[in-house]
Amino acid sequence: MNVSFARTWSKLTESMLFLPIAALLMIFAFDLIAIPGFFRLELKDGHLFGSVIDVLRNGSPTVILAMGMTLVIATGGVDLSVGAVMAIASSVACIMINPTITGMALTDPGLFLKDPQYSWAPLWMVIVVPLIIASLCGMWNGMLVSYWRIQPMVATLVLMIAGRGIAQLVTNAIKIIIFNDTYAYLGNGWIILPFSLYIAAAVFLAAWLLTRRTAIGLFVESVGINFRSSYYSGINERRIKLFAYTFCGFCAGIAGLIATSAIRTSDANQIGLYTELDAILAVVIGGTLMGTGGRFSLLGSAIGGLVIQATITSMLSFGVPASAIIAVKAVVVIVVILLYSEQAQKFIRGVGSVTMRGEAAR
Amino acid sequence: MPDSDRDIVVMTGIDKSFPGVHALENVDFSLARGEIHALVGENGAGKSTLIKILTGVDRADKGTITLDGQSVSPRSPLHAQELGISTVYQEVNLCPNLTVAENILIGRQPSHLGVSINWKALNARAREYLKELDVDIDVTQPLGAYSVAIQQMAAIARALVISNAKVLILDEPTSSLTTHETLQLFKVMRKLKGEGIAIVFITHFLNQVYEVSDRVTVLRNGLLVGTYPTPSLSRLELIRLMLGRSITVLDDMTAHKMESSHHIAVESLLEADDVGLANSVEPFDLSLHAGEVVGIAGLLGSGRTEIANLLFGIDRPDIGSIVMDHKPIKDFSPHASIARGVALCPEDRKVEGIVADLSVRENIILALQAGQGWFRRIGTKEQYEIADKYIKLLSISTPTADQKIKNLSGGNQQKVILARWLAANPRLLILDEPTRGIDVGTKADIQKLVLSLAEEGKSCVFISSELDEVLRTSHRIVVMRDRAKVTEFSGQVDEKGIMQAIAGSAS
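Sequence lines, in order, name chains A and B. Its first residue numbered 1, the first sequence is counted upward by one per residue in the working numbering. Its first residue numbered 363, the second sequence is counted upward by one per residue in the working numbering.
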């Protein structure tokens, strides 16, 4: 222990990524000791399998949601409707592949059962249209928050409740089963690694480029920290918020497509259920301040998403029943809140300064 | 002289320091029974600190307070209330969604055998208290349904009820009242005074000082200037005491200024024609030229900031037109103003200026970047170049450009905000109190900077409550009083004339 250690330590702990990475490492350390074979990887038919891969695969939708949620929280808001928007996007996608339940007469009603490539609308539209609708949902939230000045929690609650109803309406409250193999690839495909992982990586990269290679990231942070100063500086604070919520809706749309593709069904009740809470938790673990907003880290949020999924997967592997997982999440929430409290932060930083003082005393 | 028969409150030798500021230095203040005592002074003079000490929000470092001849030291606003010292703040801090009666009597509600609230008695008593203030309203309506003036009255009624107050402190009670409402408040104040209650009246409106107060205490820079019987003090004298200036100091800067006045463009850059906004500022004319510094003098609340907000597009005028580059302005927003080349360095640095958690570099490039839009990002390297340039130019004292602005001192924060606007390279720069809370050396730097900007061909508007500063930097001076433009001085300006204009009388 010396002064240079103390300096490195203080630099390390001041980084936004310190806690999320530390949390992930701690969970992996637990896995290494308590769960034999957690890190074993197997190559079957050119696909990698293993618990770690499961974490990445199952964590992808949360990571994708967390990208949009990061921007929303950084502006000082929150979006509770992402789960419902996922359901809307998936219902729209399913009805476009198989619109028979709407009473539409197809030339051959059995075609979609026989032909694993059958889709009523072209596949690119099956992807694009739900994403546009999801973005519009986000834009609606953004309008309520930025132009009508409704509290984010209340404004997005509207769509959180109504969204699932809309999703039910789209499919006449029927679960549509998807036989199209190409569409199913989104959530089930593998290119050595699960395909959804590539989508998550692409969304992360896009979000990063969109915020950090333009001025949007700076404006989002500025608006979150002090919207009056930002307004006086000529930033169109309303449009920035509108953008953040729209992007959040877009991300929810992508997550919805993956989720519905993974289970090959439109399930307006189950798809994306409670995912808004995971997304918010991921962002908070990633170091963006909930409520006040300001500085954000997309990488932190992505790691935060993985921390949640790693905890769940580890607990399941450890033998905790699936029904008790929600309790485990509650513990995670409590630990996160404690770790991010001012006192805990001071303590963590203090570890370095204590050694520095000890050094000086000698 | 303290006189315990006459004086209810005597504060002696009050001293209070905050980190980096000596807010009050050996201040004496006494308040007589049944008087209305005005407390005046510019921002930072120490008025609010003195009141905070009297009401137990802050504790004095040194000095004694006696109330009714007994030594007291209020520990908290609640304790002060128990002692009989009540305060009504500028913003009414009652609950708008509770009824008027509830607001007045909350915590003192009459009950049936101590179990349930006796609503009938509650409402009756509230009505009675308000009647004493000559206010006759339906007390069962939510407080928020009434005007600010009525809310103010409810707050006063509450203050009187809760503490059985002997001393009532009114902190800028008239700032959001109309003329009629103000008169109504004065009536109540006189009535209370007649009942022997001592009232401390803090205001920025000097005519109100003369209208209602018996004595006036002037503070300046944390020092007591003096306490005077109001009728015997002329307005001019009062302003001189507040601003602390009497003779013009002609220095080389003034000479420099005279010389640079040849560069002033003939054609106007911006022309405000009969521009005004209800409840903000009366219609005024103003023309601004390239190469010229226009000073706006006047006391706080005289309409200085309101003019700045109209010119910068924070507020939209409801009458008149502003023409810039021969085109009438239609789009009123900071964003549009910056696109036109107008910049405003706002008065309230903390709330409207800095973005606390962003670095010095990010704070400096913020307006420039906002002008360039979302997608044409200023490269990181260029950001550092811009930041370093202004850190050097304005000698901003910061370890690196990456330091968070909140860790800088007030003066340095102000320089960063100035740098933000200089970096945006505006044609018209409006500076609202750019030197507040800044040490003398830096003040001079900023004044010189303003003059050199004008020489470069920019048009500057310089707003300050320090008259000598305005005199030193401005080619032309606009005088504001009571939210209206009173007059305009150009050429060789005489300080006495300006003071008279600020005061609104020739006496």
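If you are wondering where the hints come from, they were derived from the structure by calculation, not from laboratory data. Don't take every hint at face value.
Unchecked claim - Only pairs whose alpha carbons sit at most 27 Å apart, straight line, appear in this in silico DSS-like list of lysine-lysine:
1) A:11 with B:766
2) A:11 with B:493
3) B:712 with B:766
4) A:11 with B:424
5) B:493 with B:555
6) A:346 with B:766
7) B:743 with A:346
8) A:346 with B:493
Check your understanding: Any hints this thing doesn't respect? Which numbers, in order?
Key -> 2, 4, 7, 8
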